[in-house]
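The lines below spell out each chain.
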Amino acid sequence: AQTVTQSQPEMSVQEAETVTLSCTYDTSESDYYLFWYKQPPSRQMILVIRQEAYKQQNATENRFSVNFQKAAKSFSLKISDSQLGDAAMYFCAYRYNNNDMRFGAGTRLTVKP
Amino acid sequence: EAQVTQNPRYLITVTGKKLTVTCSQNMNHEYMSWYRQDPGLGLRQIYYSMNVEVTDKGDVPEGYKVSRKEKRNFPLILESPSPNQTSLYFCASSLLGEETQYFGPGTRLLVL
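Protein chains in written order, with my numbering: chain A, 243 to 355; chain B, 117 to 228.
Honestly, I wouldn't trust all of these hints.
Stated by the list, open to error - Covered stretches of chain B (chain A as the covering partner; in silico rule of three or more C-beta atoms under 8 Å from a C-beta of chain A): (1) 128 to 140; (2) 183 to 192; (3) 204 to 217.
To be verified - Derived Cβ-Cβ restraints for the label pairs, each shown as a range: (4) Thr247/A <-> Asn144/B: 14 to 24 Å; (5) Gly156/B <-> Ala314/A: 20 to 30 Å; (6) Ala314/A <-> Asn200/B: 34 to 44 Å; (7) Lys185/B <-> Gln256/A: 46 to 56 Å; (8) Leu211/B <-> Asn300/A: 34 to 44 Å; (9) Lys312/A <-> Lys181/B: 16 to 26 Å; (10) Lys185/B <-> Asp268/A: 17 to 27 Å.
To be verified - Negatives, chain A to chain B, calculated, CB over 12 Å: (11) Gln248; (12) Ser254; (13) Leu276; (14) Ser284; (15) Ile288; (16) Thr302; (17) Phe310; (18) Lys315; (19) Ala329; (20) Met331; (21) Asn339; (22) Asn341; (23) Arg344; (24) Pro355.
Hints were generated in silico from the structure; no laboratory data involved.
Built from N, CA and C at the ideal position, the CB exists for glycine as well.
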């Protein structure tokens with residue numbers, strides 16, 4: 243079964259600095275999707291960024307970018323110019339062929355002013 | 117506005133008292149799913165549905181039931197809730213063939 247591992251339960255970053263959240267996954271498939279979701283204190287699940295495994299180019303959304311290493315099964319999220327509003331729980335997730343989405347345990351990000 | 121709605125948002129109940137959490141989406145999505153979120157475990161799938169009258173178990177289905185009589189609705193039923201079902205529940209939906217799921221606002225359930 244596919245598993246997703248987030249090895250950093252908590253991270254902190256100074257406002258305006260850059261932080262990288264780690265995620266690794268295990269799969270035998272070659273064509274799948276990876277996601278980062280943000281969960282602020284409101285508990286809403288907000289899609290931050292997604293990556294198709296068949297695309298070599300790393301996805302970017304404004305201050306958020308990923309480092310997708312398919313061979314290493316690694317999918318890290320980089321947040322540049324961190325803002326106070328970035329403070330949240332971040333979940334890495336994997337999905338293949340319309341099956342269930344597998345989530346990591348989450349990384350709680352604190353942003354210090 | 118395209119959205120997934122859940123009701124209620126907060127619920128406190130007692131062991132054994134049947135309850136239903138509703139989920140509705142207005143995006144004409146075929147795929148709908150229920151997850152529970154627990155500290156240190158992330159989100160785990162309870163049940164999912166690929167279309168009307170088609171449902172299947174996820175990773176943690178014990179103690180839950182679902183039905184899909186209409187495309188837009190996918191209620192989660194707890195016939196006899198127990199304290200270990202205290203959790204944060206999310207409903208999600210997507211088009212078949214579209215990998216991005218859209219989540220409802222969550223329902224926080226406390227079973228005493």
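Cross-check of the supplied hints:
no.: 1; hint: 128 to 140; verdict: violated (count 0)
no.: 2; hint: 183 to 192; verdict: violated (count 0)
no.: 3; hint: 204 to 217; verdict: holds (count 9)
no.: 4; hint: Thr247/A <-> Asn144/B: 14 to 24 Å; verdict: violated, 35 Å
no.: 5; hint: Gly156/B <-> Ala314/A: 20 to 30 Å; verdict: holds, 25 Å
no.: 6; hint: Ala314/A <-> Asn200/B: 34 to 44 Å; verdict: holds, 37 Å
no.: 7; hint: Lys185/B <-> Gln256/A: 46 to 56 Å; verdict: holds, 52 Å
no.: 8; hint: Leu211/B <-> Asn300/A: 34 to 44 Å; verdict: violated, 25 Å
no.: 9; hint: Lys312/A <-> Lys181/B: 16 to 26 Å; verdict: violated, 39 Å
no.: 10; hint: Lys185/B <-> Asp268/A: 17 to 27 Å; verdict: violated, 37 Å
no.: 11; hint: Gln248; verdict: violated, 8 Å
no.: 12; hint: Ser254; verdict: holds, 19 Å
no.: 13; hint: Leu276; verdict: violated, 9 Å
no.: 14; hint: Ser284; verdict: violated, 8 Å
no.: 15; hint: Ile288; verdict: violated, 8 Å
no.: 16; hint: Thr302; verdict: holds, 16 Å
no.: 17; hint: Phe310; verdict: holds, 15 Å
no.: 18; hint: Lys315; verdict: holds, 17 Å
no.: 19; hint: Ala329; verdict: holds, 18 Å
no.: 20; hint: Met331; verdict: violated, 9 Å
no.: 21; hint: Asn339; verdict: violated, 9 Å
no.: 22; hint: Asn341; verdict: violated, 8 Å
no.: 23; hint: Arg344; verdict: violated, 8 Å
no.: 24; hint: Pro355; verdict: holds, 26 Å
This entry does not satisfy hints 1, 2, 4, 8, 9, 10, 11, 13, 14, 15, 20, 21, 22, 23, going by the numbered hints stated previously.
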